[in-house]
Amino acid sequence: MANEQDTGRELRQIVRINEEIKSVVATAFKINLMAMNAIFLAKRAGQSALGFGVLSNELRRFAMELQKQMSALREMTYGSVSTVTAMVKQVRINRVLDRARKEANGQGKALIEEFLSRRRMSAYSLHQAQIAAVNRRLAQMIADTAQLVELGSVLARSAKIEAAYGGAFSASLMQVSSDFEQTIGAIQRSLETLNRQHLQDTRP
Amino acid sequence: MKTARVIYEEGNRKWFAIVRDPNRPEFIIDTNEYLVVDGDDAILLDPGGSEIFPAVFSAVSTEFDPRKIGKIFASHQDPDVVSSLSMWLEFNPAIKCYVSWLWASFVPHFGGVKETFQPIPDGGMDIMLGGHRLQAIPAHYLHSSGNFHIYDPKAKILFSGDVGAALLPAGEEALFVDNFDRHIRHAEAFHRRWMGSDRAKRDWCARVSQLDIEMMCPQHGSIYRGADVRRFIDWFAQLEVGVLKG
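So the protein lines, in turn, are chains Z and W. Mapped onto this note's numbering, the consecutive letters of the first sequence carry residue numbers -12 to 191. Mapped onto this note's numbering, the consecutive letters of the second sequence carry residue numbers 2 to 247.
Bear in mind the hints are in silico, worked out from the structure with no lab data behind them. Accuracy of the hints is not assured; some may be wrong.
[Said to hold, decoys possible] Calculated pairs, DSS-like style, for lysine-lysine (alpha carbon to alpha carbon, straight line, at most 30 Å):
1. W:Lys157 to W:Lys72
2. W:Lys15 to W:Lys69
3. W:Lys97 to Z:Lys89
4. Z:Lys96 to W:Lys157
5. W:Lys69 to Z:Lys76
6. W:Lys155 to Z:Lys76
7. W:Lys97 to W:Lys157
8. Z:Lys96 to W:Lys69
9. W:Lys157 to W:Lys15
10. W:Lys69 to Z:Lys89
11. Z:Lys96 to W:Lys15
12. Z:Lys89 to W:Lys15
13. W:Lys115 to Z:Lys76
14. Z:Lys96 to W:Lys97
15. Z:Lys76 to W:Lys72
16. Z:Lys89 to W:Lys72
[To be verified] Computed from the model, here is a short list of chain W residues facing chain Z with C-beta under 8 Å:
17. Asp31
18. Phe54
19. Ala56
20. Phe58
21. Ser62
22. Met88
23. Met129
24. Ser146
Just so it is clear, CB atoms sit at the ideal spot from N, CA and C, and this is done for glycine as well.
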């Protein structure tokens, strides 16, 4: 029965990580809209915000990259939910079979014991392989996203500096780049939590 | 645990009734399952819900190798009828499940792949077992809109699903009906409420009256034998069905 308990623990971990991924995805989608606003604002500011304009175009490219990364994360979330569902089903079937083993006698008992032990061994190794694959993919995805967000953070800081040279538009440009910085900061914090949780969950 | 009781045996053909589980939780309706064996070929009629699978499996395995069950018949789509399908498929993934075409894309929610399902057309069909045929007899709207019973012309047994079902109180759970008048009181409210169509009921009564039936086996309650089969059909023909209060 220890295998079933392990499965239960791992299932809860995957569900918890998925919840965290959802919050990262939700924050990241704001970035795209903010980048569009920054480009329009830079155009309105004209000559006085040329530097900001270059950066806002870079931020827009960053936002699109981030969106792609988030779509991949969402697909991974869907994939891991499918893995979880299949495992829950297997655990449930094992539980019913275990009850059948307790109730059966003679030939039926021997048959179900043999079946159950074979089933547990194969299901356990399959389950381990699936969990390991999900963990590997997730770790890689977190590392890639963190690197990308670091670039976004540098861009936001540079945009803030450029905003100071925005003349009459300086206050608005400063506001936009501060919003950027805050949102990217929120994503970074979510990713750190996600990474911490993941490391904690996968520690042997 | 349930027990497997032989209710018919001649040559290679055997009918087992899988009945009465004293360990069944009160909130789960008691069901009868039937195993029809012909040599090495076997079909399980209304195998039951997944919660009672351990009891049914244990009872079946005292009499027959469960891995050899190659066919499952589901009279309709209800969970107490066939939600254990995925469990039986664990033992034999090649099992064929015979069910009304109407439910052939719904029952897979309980398990199985496309090849598992053998849809039964509205007019019914023959299901071969050990070289002899069983007949899927239409019983639509009694109670499900896609509903079949199984008639075995060799054994003269009709498996009648929910028709003839009785919700028996503790202490009156005999395998066979021994006092029709007393027994039918426990069937009346069930039939009034669950059987939705008077026309479907009359059609069914006319159809099964043509059959030579020695035993009528419902999914709940006791089995009707001999003259009680005719008594039941006559009683059912007269009963007002599809009403909320009786």
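Taking the hints in turn, this is what the structure says about them:
no.	hint	verdict
1	W:Lys157 to W:Lys72	holds, 20 Å
2	W:Lys15 to W:Lys69	holds, 15 Å
3	W:Lys97 to Z:Lys89	holds, 28 Å
4	Z:Lys96 to W:Lys157	violated, 34 Å
5	W:Lys69 to Z:Lys76	holds, 24 Å
6	W:Lys155 to Z:Lys76	violated, 40 Å
7	W:Lys97 to W:Lys157	holds, 24 Å
8	Z:Lys96 to W:Lys69	holds, 16 Å
9	W:Lys157 to W:Lys15	holds, 12 Å
10	W:Lys69 to Z:Lys89	holds, 22 Å
11	Z:Lys96 to W:Lys15	holds, 23 Å
12	Z:Lys89 to W:Lys15	holds, 27 Å
13	W:Lys115 to Z:Lys76	holds, 19 Å
14	Z:Lys96 to W:Lys97	holds, 25 Å
15	Z:Lys76 to W:Lys72	holds, 23 Å
16	Z:Lys89 to W:Lys72	holds, 26 Å
17	Asp31	violated, 16 Å
18	Phe54	holds, 5 Å
19	Ala56	holds, 6 Å
20	Phe58	holds, 5 Å
21	Ser62	holds, 3 Å
22	Met88	holds, 6 Å
23	Met129	violated, 26 Å
24	Ser146	violated, 29 Å
Hints 4, 6, 17, 23, 24 from the list above are not met by this structure, while the remaining hints are.
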